[in-house]
Each structure stands twice: as C-alpha cells, then as structure tokens.
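2 protein chains.
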Amino acid sequence: MIRRSKVRELQARALELFDKASIRLAAQERQHIEVADFGLGDPDREGAQIFTFVQTDRYAAKIIALVPGQTLPEHWHPRVGEDPGKQETVRVAWGTLYLVGEGPATPMRAAIPAGKGAVYTLRHEEVLGPSGSRTFSPGEKHWFQAGPEGVVVYSFSSVARDALDGFTDPGVQRVTRIEED
Amino acid sequence: MIRRSKVRELQARALELFDKASIRLAAQERQHIEVADFGLGDPDREGAQIFTFVQTDRYAAKIIALVPGQTLPEHWHPRVGEDPGKQETVRVAWGTLYLVGEGPATPMRAAIPAGKGAVYTLRHEEVLGPSGSRTFSPGEKHWFQAGPEGVVVYSFSSVARDALDGFTDPGVQRVTRIEED
Numbered sequence: 014m015i016r017r018s019k020v021r022e023l024q025a026r027a028l029e030l031f032d033k034a035s036i037r038l039a040a041q042e043r044q045h046i047e048v049a050d051f052g053l054g055d056p057d058r059e060g061a062q063i064f065t066f067v068q069t070d071r072y073a074a075k076i077i078a079l080v081p082g083q084t085l086p087e088h089w090h091p092r093v094g095e096d097p098g099k100q101e102t103v104r105v106a107w108g109t110l111y112l113v114g115e116g117p118a119t120p121m122r123a124a125i126p127a128g129k130g131a132v133y134t135l136r137h138e139e140v141l142g143p144s145g146s147r148t149f150s151p152g153e154k155h156w157f158q159a160g161p162e163g164v165v166v167y168s169f170s171s172v173a174r175d176a177l178d179g180f181t182d183p184g185v186q187r188v189t190r191i192e193e194d
Numbered sequence: 014m015i016r017r018s019k020v021r022e023l024q025a026r027a028l029e030l031f032d033k034a035s036i037r038l039a040a041q042e043r044q045h046i047e048v049a050d051f052g053l054g055d056p057d058r059e060g061a062q063i064f065t066f067v068q069t070d071r072y073a074a075k076i077i078a079l080v081p082g083q084t085l086p087e088h089w090h091p092r093v094g095e096d097p098g099k100q101e102t103v104r105v106a107w108g109t110l111y112l113v114g115e116g117p118a119t120p121m122r123a124a125i126p127a128g129k130g131a132v133y134t135l136r137h138e139e140v141l142g143p144s145g146s147r148t149f150s151p152g153e154k155h156w157f158q159a160g161p162e163g164v165v166v167y168s169f170s171s172v173a174r175d176a177l178d179g180f181t182d183p184g185v186q187r188v189t190r191i192e193e194d
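For the record, the sequence lines run as chains H and R. Heads up: the first sequence runs through residues 14 to 194, numbered per the working numbering. Heads up: the second sequence runs through residues 14 to 194, numbered per the working numbering.
Here chain H stands alone, though its shape is the one from the complex (with noise of 0.2 angstroms):
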C-alpha cells in the first residue's frame, strides 16, 4: 500500500528522468506512469515507475524509470498456458544500470537492501551504461538497482503478464495498491 502523494511524487521524478534521457510523454500519457511497490511499502528502497508504449497480446515495449538507489526485486517470467514465458531484453537509455542476474557471483556494486539478503539470491551483477543491453530467456531470474543517477531503461519483450511473474519475496504482491490521502 502507498499513499496517492508518494505515487505522484514518484512519477514527477520519473518524469525528471525520462526528461533526461529524451524520452517525450504525451500530456496524458504523463498520468499513466505505473508506480509499483511491489507490495512492500516502501517504494523509494524497493519499486519502480513503468510506461508502457504498446502492450499487445503478442509483444510489449516499455520504459522503467529507477530513482537513484531503488531497486527493483528479484523476479522471473513464468511459462503461461501455451506461452513458453515473457522473453525479455532491456537495454539502458540514460544512467547506469547495476543488472544482477543468474552466473557465478561477481563483485556488486549493488547493495541488497537491508536486511533482503534471503529474497535477493543472485551474485552476479554486469553494470550497464547507455546502450547496454541484455536479453533474459522465460524463467531467468534478475533484479535490478539503480545508480547513483538513477536509470532510465527500455524493456522490449514478448507479451507482458506482469501479475504472473515470480517473485523471490514472498511478500511481493505485484498489484500495487494505491491509498488515497
């Protein structure tokens, strides 16, 4: 549960970021920047800000924003009835990008978020400039963090069923639920 105020602030900074890296928003559009929190509450260490350019049944493209820091949680793209799993590629546009994913453990400058180490398994981190970019197959594990800029990333993939990834977390509720105040 987040409160509204924390939903707009975070958009505005997603806005920030997206301003930095070019990425242009249509007026409305600027409204529709999901703000996820995973279910945890506390967006500013753990969440990230989402628009989505095209979401269709066959393939989705779209742009995270990640403030300075925040971290997006360990997850994998299940297989969905026919559906073998969300293929998935990001690649950064603006900012630097800490990219832990499945390999033998590496240095990290990522920082697990306090107190996380059993819900955060992976070691193995590649840090990414603009440009960079990584292709996951369906079910390979990954978190994201954050650089001291934050990072702006574009994530291009077969059909999105967010609320059907897999989570480490066991208290990751995908849905965010919104508090108005």
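Incorrect hints may have been included.
The calculated DSBU-like cross-link candidates involving lysine-lysine, where the alpha carbons are at most 35 angstroms apart (straight line), are [as the list claims (entries may be wrong)]:
no., chain 1, residue 1, chain 2, residue 2
1, R, LYS33, H, LYS19
2, R, LYS33, H, LYS33
3, H, LYS154, H, LYS19
Since the hints were made in silico from the structure, they are not lab data.
Given chain H, put chain R in place with the hints provided.
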C-alpha cells in the same frame, strides 16, 4: 544497388538524427545501421536507415531514421506460415512523421515521389510528432515520409521477417545490394 560511399553518408546522417533524439548507440553498433534502398537505387528519395535494437524469434525493436523528405515505400507484413503476420507499433522519438495508412483520403503533407502515384495507393495521412504512435495490424498497408527536419521512429513488433514484407511497387527488392567504390 547503392554505392558504399552513399551507405556511409546515410549512416552518418542517421547518426546525427539519433543524436538529436538522444538515442545512444555503442561504437560497434554504429557500423550496423542498415541503409535500405529497397532495390530502387535512389535512397535519398526512397529509403530508410534502420538500427535493430533486438530481434528474436518472438519480437523485434528497431529505431528508424528518415532524412528530410525521405520516403519508406508502401508495404505490409504478410502471413508467414503459422504467423498471422507482423503486428507493429511505431512511435515518434524526434521530428515529424507523415504516416500514410488505410482509410478515407485526407489532405496530404507527404509528397508522393514523382511518377510513383501508381505504387503509392494510400491517401489517408496522420501527422505524428514526438510521442505520437500508431499500431498496424498484420496485412495493413502503410508508408512513411519524414517531415522537413527528418524523423526518428521506434518500431516495436512481433517477430520481424523484413525480407518477406509485401511492397506495392513491383520494383522493390527488400535486400539492399551495395557496390564498393
């Protein structure tokens, strides 16, 4: 057939447009901007510069630069075996796009290339600026022309098989042949 020197010139002009749109390409990516002349041999008039962010067997994301007045010929994305045909969303990142699609005739800012009225059959124009977008169903015909400053356009889609696209102009060959000079 186009000369290598013309390919290099149009790649450089595309990079200038990508810079205006703040689209960053890595050094090695800059060599991979496709210059398409559609087999027509006059790419300043009918052509496109295309960089593929990602292409898998499930989706594609590309960025297209058209120089001022350049026209991407009338085409559609046909059924290929089990695939009903490419579904595609274009979104303007920078500049002005004259998008000509199916529908009743409208006033046109786009100028049909001289002598080519028979192979540009559509007369329904939308003028899109930054953040303007449009999704095409499989089989739906369309052609594009850049406004006076050129245009940079994202293309998000289901799997792309450009070499199998249909073109109204029987003179089109989708695969560009380059002559070394």
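Cross-check of the supplied hints:
1. R:LYS33 <-> H:LYS19: 33 angstroms, holds
2. R:LYS33 <-> H:LYS33: Holds, because 13 angstroms separates the two Cα atoms, which is no more than 35 angstroms.
3. H:LYS154 <-> H:LYS19: 28 angstroms, holds
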